[in-house]
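2 protein chains.
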Amino acid sequence: MKAIKIGILGLGTVGSGVVKLLQDNAHKITNITGCELKVKTAVVRNVNAHRNVDLTGIELTNDFTKLLNDDEIEIVVEVMGTVDTAREYIKRLLQAKKHVVTANKDLIALHGPELSELAKENKCDLFYEASVAGGIPILRTIVNSFAADQVESVLGIVNGTTNFILTQMTQNGLSYAAALKLAQEKGFAEADPTNDVTGKDAAYKMIILTQFAFGKDITLDEVKLAGIDGIQLEDIKEAAQLGYTLKLLGIAKLINGKLAVSVGPVLVNNSRPLAAIQNENNAVLVTGKAVGETMFYGPGAGELPTANSVLSDIIAVTKDIVLQTTGSRFNDYSQKIEFAKANDIVYPYYLSLLTPDKAGQMLKLTEIMTQANASFKVIKQTGAANGDARISIVTHAMSEAQLNEITEKINNLAEMQLLAAYKVLEEEK
Amino acid sequence: MKAIKIGILGLGTVGSGVVKLLQDNAHKITNITGCELKVKTAVVRNVNAHRNVDLTGIELTNDFTKLLNDDEIEIVVEVMGTVDTAREYIKRLLQAKKHVVTANKDLIALHGPELSELAKENKCDLFYEASVAGGIPILRTIVNSFAADQVESVLGIVNGTTNFILTQMTQNGLSYAAALKLAQEKGFAEADPTNDVTGKDAAYKMIILTQFAFGKDITLDEVKLAGIDGIQLEDIKEAAQLGYTLKLLGIAKLINGKLAVSVGPVLVNNSRPLAAIQNENNAVLVTGKAVGETMFYGPGAGELPTANSVLSDIIAVTKDIVLQTTGSRFNDYSQKIEFAKANDIVYPYYLSLLTPDKAGQMLKLTEIMTQANASFKVIKQTGAANGDARISIVTHAMSEAQLNEITEKINNLAEMQLLAAYKVLEEEK
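Chains as they are written, first to last, in full-length UniProt numbering: chain U, 1 to 429; chain Y, 1 to 429.
Incorrect hints may appear among the rest.
Which copy is meant is left open, because identical chains are indistinguishable; a pair holds if it fits in one copy or across any two.
[What the hints assert, rightly or not] Using 25 Å as the maximum straight-line C-alpha spacing, the simulated PhoX-like pairs for lysine-lysine come out as follows:
{"#": "1", "residue 1": "Lys40", "residue 2": "Lys358"}
{"#": "2", "residue 1": "Lys181", "residue 2": "Lys258"}
{"#": "3", "residue 1": "Lys380", "residue 2": "Lys358"}
{"#": "4", "residue 1": "Lys289", "residue 2": "Lys186"}
{"#": "5", "residue 1": "Lys123", "residue 2": "Lys2"}
{"#": "6", "residue 1": "Lys28", "residue 2": "Lys120"}
{"#": "7", "residue 1": "Lys66", "residue 2": "Lys341"}
{"#": "8", "residue 1": "Lys216", "residue 2": "Lys28"}
{"#": "9", "residue 1": "Lys289", "residue 2": "Lys20"}
{"#": "10", "residue 1": "Lys289", "residue 2": "Lys336"}
{"#": "11", "residue 1": "Lys289", "residue 2": "Lys28"}
{"#": "12", "residue 1": "Lys237", "residue 2": "Lys377"}
{"#": "13", "residue 1": "Lys380", "residue 2": "Lys186"}
{"#": "14", "residue 1": "Lys258", "residue 2": "Lys216"}
{"#": "15", "residue 1": "Lys258", "residue 2": "Lys20"}
{"#": "16", "residue 1": "Lys123", "residue 2": "Lys224"}
{"#": "17", "residue 1": "Lys237", "residue 2": "Lys216"}
{"#": "18", "residue 1": "Lys28", "residue 2": "Lys258"}
{"#": "19", "residue 1": "Lys2", "residue 2": "Lys336"}
{"#": "20", "residue 1": "Lys91", "residue 2": "Lys5"}
{"#": "21", "residue 1": "Lys358", "residue 2": "Lys409"}
{"#": "22", "residue 1": "Lys200", "residue 2": "Lys258"}
Source of the hints: derived by calculation from the structure; they are not laboratory data.
Using the sequences plus the hints, can you model the full thing?
Here is the structure:
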């Protein structure tokens, strides 16, 4: 039987999970691939650190070149994180004709095209299923099952940390600060949660999803980005009363053949399955012209779910090695496609405003809306503290250009404050 | 550029959809595969029938041997239905070294192992993604993404007709007969709905899912089978009051390493996403030891969703032709595994009973339950017509052996009638 030796960069949570799954499921993996897969070497910072996994037969080293120069090692799993060092290591590994599996979304979002090109030149596989939505096999599914379809949109909850925070605020009435603290205590948020709560992590995932669904490489500054760090509990409660749940959604969508990609808070109509995705779970909706709406749901992170996605990549590489077909890109679809303009990107919006509770304020607001040719679906005024009134609006669909006009005019009014302007995802037609 | 010629057996709904998608997405398919895919010949019963698709350049014939003997045709799509003729044709096609893609679940459930073996012998691909859950790419996902995991259960709504009927009964209070009639009017149920409403169609799909998830070939008589043809609206209403939605579920599950496969009505706790899957949609939950619970949701049937799954198979074959790697089984996983016994298969149950509204009846019932060592979670008595009382029970988990004992004893009581005994799927722990 062919034996395939594996190297691992990093033995943190995911790395340990990979070692564990390879041990636990060795029999099944051999049954499927006809090969024996064994981790030979792990490169770690501290070889003496205690690790919660059986490392018998695995050489631990802090010397990357030991792995790099070992001709026996055919597949390397990069789960060390970082961007620059990982990029450098992976380039050298590919040049040394080693196949690479990585879970590093930042790296792939920033340098995926360059690394994929290098892999192809060296007839190596470079797979990264675990980089998006943890345990949900969304990338390979898009490659395999939407190949003959035209994807119209990919949208979803692709960051478990923010979904946990929003779920806690929605279900238990926690403030943003209290929900963030709970997420940190439970290990769902890092000590520095910036990348998650600003939406940057979700944006990286949308960059990768966009490449797979639409065949276009985009950069972070081409994603219209908003986070949840400014979310008020008031708006979540108001949304609930109106029949919506606030979610941080990534949306990549074709509009008249042009692409718009955004990450931001969205009010999701409660009739949609997406509204019910709770806590650290992820869900990705892929709508194809032929197939219609499909949804893929599962754990967005965690040791074993993420390790399982890494393993599915390792098995895909193994099959390619056996069949001598390595060197195909993970996603071979590419097309030229322009970005949609602010005039084309049309959604209903939820607006919330604070204004002194006195005559004439609603008139000013309706004048602004009318000038922008925008119309209300729901408008609701309630009392607020200090003699103020709080106005909540759900608009009919309008363009980003209209929204910008309205926002600017409201901001120019001394007595009216725009608290929130979120997209709305209405029920499915 | 390499041109690949395709033959089609049958130009009904799905066949026409395949022709249409190949035309509409020719550019993208070429972009991905580097090949030009063209339908050359379609074998149909009536070459003169009107068809709602552009057939320019496609030869229509009622002579199967014309396709069989055409060396130019490399891939054949079987969407003609039937079991015996389709089996015979596919055998001859594989022997003639043609790759086959089929959407025929009855055929694959009954003769999949034989045909897969024959395909392998002839170094041909035989794919059938469209045979289960229409537009949901569940089979290839299990092959690719659960390869390194141990699947613990595969369960879900795999028949759109019955889910449509149950949704209409639940949401609009239709009787079973009225809901079935509506399904037939809307084209979701056939004139003879037997295969759908008895659960047989779902059982065929569970046979195929069991092969993929657990690597075991099973037969129809090894699936514990119940349909929805005896469902009473009363029980659906009662379930709703107790917080459950009645669904026809296929369940294939490992219990202490042994397999149990069933199809039947199940009360699904409303907190589960599965309870919200409506009308003709399908959803499959796959729970892996490592990855946890994942769910795949989408349209369960329909011209274009099903055709899209056929196309994903055609593209997979094309890639294999280009890479010269045809002849691998669709699913290469197999294991020896026993069936679980009635003592091991444990669920909570919903029971509904009719009894004269007089003293002592509840005592008899509780005696029977106690003798079987079974206990109640909920018990509820309401008045019924003709001086009868209706009793609804949700039990704690008990084995099929206990259920059988209880059922037999109740059936032996002259004055008590067991109306329903359905499994209960409680909220996720």
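Status of each hint after checking the structure:
1. Lys40 / Lys358: Classified as neither: same-chain Cα gap 74 Å, cross-chain 74 Å, threshold 25 Å.
2. Lys181 / Lys258: This pair counts as neither: shortest intra-copy Cα distance 40 Å, inter-copy 43 Å.
3. Lys380 / Lys358: Within one copy, since 15 Å is at most 25 Å while 55 Å is not.
4. Lys289 / Lys186: Only across copies: Lys289 and Lys186 sit 22 Å apart there, 40 Å inside one copy, limit 25 Å.
5. Lys123 / Lys2: Classified as both: same-chain Cα gap 20 Å, cross-chain 22 Å, threshold 25 Å.
6. Lys28 / Lys120: Classified as between: cross-chain Cα gap 21 Å, same-chain 30 Å, threshold 25 Å.
7. Lys66 / Lys341: neither (51 Å within a copy, 53 Å between copies)
8. Lys216 / Lys28: Classified as between; 13 Å across copies, 37 Å inside a copy.
9. Lys289 / Lys20: Close across copies (12 Å), not inside one copy (41 Å); limit 25 Å.
10. Lys289 / Lys336: This pair counts as within: shortest intra-copy Cα distance 19 Å, inter-copy 41 Å.
11. Lys289 / Lys28: between (37 Å within a copy, 13 Å between copies)
12. Lys237 / Lys377: Intra 18 Å, inter 34 Å, cutoff 25 Å: intra-copy only.
13. Lys380 / Lys186: neither (37 Å within a copy, 40 Å between copies)
14. Lys258 / Lys216: within (11 Å within a copy, 47 Å between copies)
15. Lys258 / Lys20: between (44 Å within a copy, 24 Å between copies)
16. Lys123 / Lys224: Neither: 36 Å inside a copy, 49 Å across copies.
17. Lys237 / Lys216: Answer is neither: 38 Å inside a copy and 50 Å across each miss the 25 Å cutoff.
18. Lys28 / Lys258: between (45 Å within a copy, 16 Å between copies)
19. Lys2 / Lys336: Classified as between; 23 Å across copies, 42 Å inside a copy.
20. Lys91 / Lys5: Intra 19 Å, inter 40 Å, cutoff 25 Å: intra-copy only.
21. Lys358 / Lys409: within (19 Å within a copy, 74 Å between copies)
22. Lys200 / Lys258: So Lys200 and Lys258 pass the 25 Å test inside one copy only (23 Å; across, 45 Å).
Violated hints for the displayed structure, listed by number in ascending order: 1, 2, 7, 13, 16 and 17.
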